[in-house]
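4 protein chains.
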Amino acid sequence: MQNTAIIRIHCPDQPGIVSRVTNFISTHNGNILFLDQHTDRAEKRFFMRVEWDLDGFAIDANSIEEVFTRAIAEPMEMVWTLNFSSQIPRMAIFVSRASHCLYDLLARYSAGELNVEIPLIISNHKDLEIVAKQFDIPYYHLPLTKENKAETEAEQIRLCSEYKVDFIVLARYMQILSPEFNAQYPDRIINIHHSFLPAFAGAKPYHAAHSRGVKLIGATGHYVTSDLDAGPIIEQDVVKISHHDTVKSLVQKGKDVEKMVLSRAVQAHIERKTLVYKNKTIIFA
Amino acid sequence: MQNTAIIRIHCPDQPGIVSRVTNFISTHNGNILFLDQHTDRAEKRFFMRVEWDLDGFAIDANSIEEVFTRAIAEPMEMVWTLNFSSQIPRMAIFVSRASHCLYDLLARYSAGELNVEIPLIISNHKDLEIVAKQFDIPYYHLPLTKENKAETEAEQIRLCSEYKVDFIVLARYMQILSPEFNAQYPDRIINIHHSFLPAFAGAKPYHAAHSRGVKLIGATGHYVTSDLDAGPIIEQDVVKISHHDTVKSLVQKGKDVEKMVLSRAVQAHIERKTLVYKNKTIIFA
Amino acid sequence: MQNTAIIRIHCPDQPGIVSRVTNFISTHNGNILFLDQHTDRAEKRFFMRVEWDLDGFAIDANSIEEVFTRAIAEPMEMVWTLNFSSQIPRMAIFVSRASHCLYDLLARYSAGELNVEIPLIISNHKDLEIVAKQFDIPYYHLPLTKENKAETEAEQIRLCSEYKVDFIVLARYMQILSPEFNAQYPDRIINIHHSFLPAFAGAKPYHAAHSRGVKLIGATGHYVTSDLDAGPIIEQDVVKISHHDTVKSLVQKGKDVEKMVLSRAVQAHIERKTLVYKNKTIIFA
Amino acid sequence: MQNTAIIRIHCPDQPGIVSRVTNFISTHNGNILFLDQHTDRAEKRFFMRVEWDLDGFAIDANSIEEVFTRAIAEPMEMVWTLNFSSQIPRMAIFVSRASHCLYDLLARYSAGELNVEIPLIISNHKDLEIVAKQFDIPYYHLPLTKENKAETEAEQIRLCSEYKVDFIVLARYMQILSPEFNAQYPDRIINIHHSFLPAFAGAKPYHAAHSRGVKLIGATGHYVTSDLDAGPIIEQDVVKISHHDTVKSLVQKGKDVEKMVLSRAVQAHIERKTLVYKNKTIIFA
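For the protein sequence lines, the chains are A, B, C and D, in the order given.
If you're matching positions, the first sequence starts at 1 in the UniProt record's numbering and goes up one per residue.
If you're matching positions, the second sequence starts at 1 in the UniProt record's numbering and goes up one per residue.
If you're matching positions, the third sequence starts at 1 in the UniProt record's numbering and goes up one per residue.
If you're matching positions, the fourth sequence starts at 1 in the UniProt record's numbering and goes up one per residue.
It should be emphasised that the hints constitute simulated quantities derived from the structure, not laboratory data.
Among the hints, a few may not be true.
Which copy is meant is left open, so a pair is good if it fits within one copy or across any two.
[Unchecked claim] Simulated crosslink set (DSS-like; lysine-lysine; CA at most 27 Å straight-line):
(1) 240 with 278
(2) 133 with 44
(3) 240 with 44
(4) 133 with 278
(5) 253 with 240
(6) 164 with 133
(7) 126 with 44
(8) 204 with 240
(9) 204 with 44
(10) 280 with 126
(11) 278 with 248
(12) 240 with 146
(13) 273 with 44
(14) 278 with 253
(15) 273 with 248
(16) 240 with 133
(17) 280 with 146
(18) 204 with 280
(19) 248 with 280
(20) 248 with 44
(21) 253 with 44
(22) 278 with 44
(23) 133 with 273
(24) 240 with 126
Given the structure is predicted, the values throughout are model-derived calculations rather than measurements.
Input sequences plus hints: build the corresponding full structure.
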């Protein structure tokens with residue numbers, strides 16, 4: 001497999017950014033594989049993702065950060081990250097009782113479609129231990145009560161640290177993480193909310209959708225912030241419904257859109273195609 | 001063209017409803033063309049629409065109401081309406097400045113796709129008078145201010161009455177009708193709201209959508225009630241957007257989904273396929 | 001769980017069908033739960049599905065067929081089937097190497113979303129035996145060559161018979177069944193084809209789609225007939241693509257639409273909502 | 001309104017393309033507004049669209065072509081085009097009898113959404129003259145018979161030449177243009193075909209779709225080549241249908257998807273976002 005470098009950038013909009021970044025790569029014999037950029041004119045902010053082949057690149061991988069910082073990032077006031085395709089991100093999955101999102105992620109994972117490691121699954125229930133066993137992934141059952149929330153989160157964080165977790169996917173984990181927990185993984189916790197946000201934020205969105213009589217329901221994959229269901233949106237989709245639908249059939253139809261939206265959001269994150277700026281996402285091509 | 005009778009019913013759920021209604025039609029030599037029914041088990045309520053050919057029907061059209069009431073509707077405690085396909089509904093269109101919904105309705109109308117009469121267009125601006133002229137439809141420019149709202153609405157109602165208007169379409173009419181106005185046309189005013197309600201109710205939904213960073217925008221066709229943007233939803237749809245979209249491009253993309261959603265909602269109303277119950281709609285097949 | 005009877009009918013269009021069928025149910029104290037009908041005016045053919053609660057029904061379940069035949073089906077020249085919700089259909093899954101459709105079906109099955117038994121999985125490859133093991137379902141590896149096709153199919157049929165299989169799902173089974181095999185299961189073999197048929201029938205549809213430069217790809221769930229990829233269509237869907245897509249990325253994007261379309265088609269079949277007439281399907285609500 | 005230059009390029013894939021093109025613009029004080037590129041690895045071909053503000057650009061607009069050719073296009077073996085946003089393209093519309101696509105284009109045009117001039121409409125029928133009059137656009141009725149096809153096409157070409165037409169939109173023009181006609185406007189005739197090509201190419205696609213029993217119908221906007229319905233596809237979309245649909249209702253539902261797809265294809269062409277290569281299109285962002 002090709003070893004590539006991926007740089008994601010945002011900086012004040014100014015002339016010559018693309019030119020300088022692509023020059024940097026070209027003059028060091030890097031072959032650009034993907035390049036996508038975006039200018040937010042209202043914010044006067046420039047965004048860019050560039051991925052290039054490291055084979056034959058004149059700068060040693062370990063020195064890219066330093067060289068690029070000095071040559072380009074600092075003078076252009078860039079906020080930026082550097083990743084290598086050889087670094088496989090490590091993803092923890094948090095679940096409660098519903099299996100559809102977990103199965104969809106694990107089926108993709110076991111088919112080699114997600115370039116990720118899944119070192120552990122954490123749940124506040126025992127129900128899905130059997131799924132974890134099917135895929136031979138360690139499963140930690142950490143029951144949650146109002147009383148033990150702080151300790152349980154401490155244990156969750158300890159496990160994620162022990163397993164060197166890079167990011168966390170809440171695959172229908174029906175619990176609200178504390179601001180302290182979220183602060184450990186800024187822009188690195190992905191949640192699937194079972195409505196097209198901002199409609200029906202909070203609990204029981206399908207009940208609310210049924211009660212309101214909407215003609216479509218949806219799902220939203222987003223980064224978690226301390227503001228409930230208000231974090232940066234990565235992906236959304238909807239499905240048509242009708243007056244025939246009951247809350248039960250909405251829950252059922254919603255499962256399909258939930259799992260597809262979550263898997264697409266996770267895939268974008270794994271491929272380092274997301275960038276968060278001011279509570280919104282740029283999703284690079 | 002075939003002359004048909006259309007009955008829309010709702011009543012307490014009970015055995016034998018379909019059987020009695022279809023018997024009534026069959027035994028009087030009526031040939032059923034369309035039948036759709038729905039049972040809301042939570043509400044214990046039954047809904048039905050049946051349309052049959054009046055050619056050869058044994059009961060005179062003028063007597064159907066009386067006979068059906070006595071034979072079926074009263075004993076089964078039905079709330080019901082009777083319409084004839086020969087009654088072409090008369091639709092007033094209210095607009096402000098944006099032309100896309102108006103053009104879409106009028107293009108369908110002039111192609112014979114909407115089985116409706118459009119006796120007049122009312123606007124608080126002069127901008128779209130030229131469109132009305134293109135299609136040779138009387139246009140009333142009634143400027144609106146905070147001060148003259150009551151008089152203007154009185155004049156709007158007088159015009160609708162003079163032109164024997166059956167229902168009103170707010171085709172991007174950027175004004176809020178008073179509860180008194182709405183009360184004149186219960187379940188007979190259709191509005192297009194430029195968001196997937198209940199998200200972004202109220203003013204400037206595209207600004208709000210852009211600010212929230214959603215990945216899709218939508219439109220909602222609904223009956224107007226005195227509760228702003230909270231009336232029974234007839235039709236909704238969405239379109240995907242991205243971080244590239246500005247408020248301006250959202251407005252532009254939104255136009256397409258607005259006009260399609262509104263035209264579909266109007267079509268369903270004209271074909272007598274809608275039924276309102278407890279702030280929700282049944283949309284019959 | 002409620003025990004219900006389900007009747008699917010087609011017959012020459014004639015007055016009074018709905019009335020007679022619903023009368024039959026009502027007068028024997030049957031409570032109708034679902035009713036959907038369709039008239040094909042060009043074919044002068046009437047189609048209907050009705051489901052009612054057997055609790056308190058005056059006719060014994062074993063006698064319904066006989067009584068309904070005499071009273072209604074024969075006089076109205078109906079082609080019809082009777083099923084009971086208590087009969088759980090038994091579904092064999094045939095696969096080759098791709099796991100996405102198999103996982104999607106098994107994940108739904110294990111979550112209790114498919115009211116079906118899955119007694120066995122048959123494959124011409126060993127690859128997915130591990131998946132079958134995860135879900136504890138017998139897996140038969142029957143390698144296929146040009147030479148052994150007849151014997152292999154005989155063995156497949158023997159296994160399906162031994163396991164009392166009602167219908168077969170080809171979940172990306174990359175082999176063509178012989179007409180003799182198909183004749184054993186008329187309207188009871190569901191295939192997923194990886195294109196929006198009739199476009200790109202036959203082998204390698206994603207290569208063909210890429211070569212043609214289409215802007216969307218799709219999938220089609222259909223009943224298998226002896227005419228390759230030409231059987232009655234149950235369900236279709238598409239996904240947008242762009243010039244960025246390679247054959248490889250089409251294959252990847254296609255997986256999502258394939259698995260959703262197949263699962264929906266299978267669900268419709270299990271719920272006895274499909275009816276085949278003249279190489280087309282009626283999909284009842 | 002901003003005056004911008006737009007360059008569309010394709011050339012053999014090679015290192016440093018983006019860098020050299022963006023350098024060229026930056027070093028001459030051009031501010032890049034949009035940049036999108038694509039590499040087709042199988043074809044080893046690079047594609048790019050870049051748009052920049054001419055305000056303050058150091059090279060005179062009239063000299064850009066020469067300078068860019070010498071400095072970049074020739075050495076890199078580019079096939080390329082240069083456009084200026086100040087050049088408003090001139091679009092002829094060809095129609096037959098159906099008005100929906102024409103109205104949709106003209107409604108957008110009169111609302112200022114299409115940055116285009118429409119100097120004339122040509123038809124083989126008189127039906128839509130009234131629409132042309134509504135929008136005050138010259139309408140030429142050129143009846144077509146087998147006998148007069150060559151002369152009529154000559155007259156069509158003469159008119160397009162007289163009115164300085166840049167490209168032609170076949171807005172449900174139900175005639176096949178001769179290869180000679182097509183040769184006059186390579187990649188500059190846009191047709192809307194009423195199916196999701198390559199399914200149902202040729203005449204009467206809705207009849208064919210109904211006969212096949214598909215569950216969705218579509219429309220395809222494509223450039224016209226001498227190969228009927230086989231030219232490069234710009235845009236496609238579909239809409240769900242069911243067994244309830246007749247050929248007539250398919251025609252009706254199809255109109256909505258036809259007009260949307262055509263208008264989007266036309267918009268992409270007007271904005272110079274399309275590029276044809278080997279019978280496929282690149283649609284730049």
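Status of the hints after comparison with the structure:
In this homomeric assembly, residue 240 and residue 278 come within 27 Å of each other (Cα to Cα) only across copies, at 21 Å, whereas the closest approach inside a single copy is 31 Å. With identical chains, the CA atoms of residue 133 and residue 44 are never at most 27 Å apart, being 50 Å at best within one copy and 44 Å at best between copies. Taking identical chains as interchangeable, the C-alpha atoms of residue 240 and residue 44 lie at most 27 Å apart only when they sit on different chains, with a minimum of 24 Å there against 38 Å within one chain. In this assembly of identical chains, the alpha carbons of residue 133 and residue 278 never lie at most 27 Å apart, being 40 Å within a copy and 47 Å across copies at closest.
Taking CA atoms no more than 27 Å apart as the test, residue 253 paired with residue 240 passes in both settings, with 9 Å inside one copy and 17 Å between copies. Taking the shortest alpha-carbon separations for residue 164 and residue 133, only the intra-copy value of 21 Å comes in at or below 27 Å, while the best inter-copy value is 30 Å. Taking CA atoms no more than 27 Å apart as the test, residue 126 paired with residue 44 passes in neither setting, with 50 Å inside one copy and 37 Å between copies. Taking the shortest alpha-carbon separations for residue 204 and residue 240, both the intra-copy value of 19 Å and the inter-copy value of 25 Å come in at or below 27 Å.
Taking identical chains as interchangeable, the C-alpha atoms of residue 204 and residue 44 lie at most 27 Å apart only when they sit on different chains, with a minimum of 23 Å there against 39 Å within one chain. For a Cα distance limit of 27 Å, the shortest separation of residue 280 from residue 126 qualifies neither inside one copy, at 35 Å, nor across copies, at 39 Å. Taking the closest pair of Cα atoms, residue 278 and residue 248 come within 27 Å of each other only across two copies (20 Å); inside a single copy the shortest separation is 37 Å, beyond that limit. Proximity of residue 240 to residue 146 under the C-alpha cut-off of 27 Å is found in neither arrangement, the shortest distances being 37 Å within a copy and 39 Å between copies.
Taking identical chains as interchangeable, the C-alpha atoms of residue 273 and residue 44 lie at most 27 Å apart whether they share a chain (21 Å) or sit on different chains (24 Å). In this assembly of identical chains, residue 278 and residue 253 lie within 27 Å of each other by CA distance solely across copies; the values are 24 Å between and 32 Å within a copy. Proximity of residue 273 to residue 248 under the C-alpha cut-off of 27 Å is restricted to the inter-copy arrangement: shortest distance 19 Å between copies versus 35 Å within a copy. For the identical chains of this complex, residue 240 and residue 133 are neighbours neither inside a copy (35 Å) nor across copies (36 Å), given an alpha-carbon limit of 27 Å.
Taking the closest pair of Cα atoms, residue 280 and residue 146 never come within 27 Å of each other, the shortest separation being 32 Å inside a single copy and 38 Å across copies. Taking identical chains as interchangeable, the C-alpha atoms of residue 204 and residue 280 lie at most 27 Å apart whether they share a chain (25 Å) or sit on different chains (19 Å). When the C-alpha separation of residue 248 and residue 280 is checked against a cutoff of 27 Å, the pair qualifies only between copies, where the shortest distance is 18 Å, while the shortest distance within a copy is 32 Å. Within a single copy, residue 248 and residue 44 get their C-alpha atoms only as close as 47 Å, which misses the 27 Å cut-off; across copies the closest is 16 Å, which meets it.
Taking the closest pair of Cα atoms, residue 253 and residue 44 come within 27 Å of each other only across two copies (23 Å); inside a single copy the shortest separation is 41 Å, beyond that limit. For the identical chains of this complex, residue 278 and residue 44 are intra-copy neighbours only, at 13 Å inside a copy versus 38 Å across copies, given an alpha-carbon limit of 27 Å. In this homomeric assembly, residue 133 and residue 273 never come within 27 Å of each other (Cα to Cα): the closest approach is 31 Å inside a single copy and 36 Å across copies. For the homomeric pair residue 240 and residue 126, neither the shortest alpha-carbon distance inside one copy (33 Å) nor that between copies (38 Å) is at most 27 Å.
Of the numbered hints given earlier, the model fails hints 2, 4, 7, 10, 12, 16, 17, 23 and 24; all others are met.
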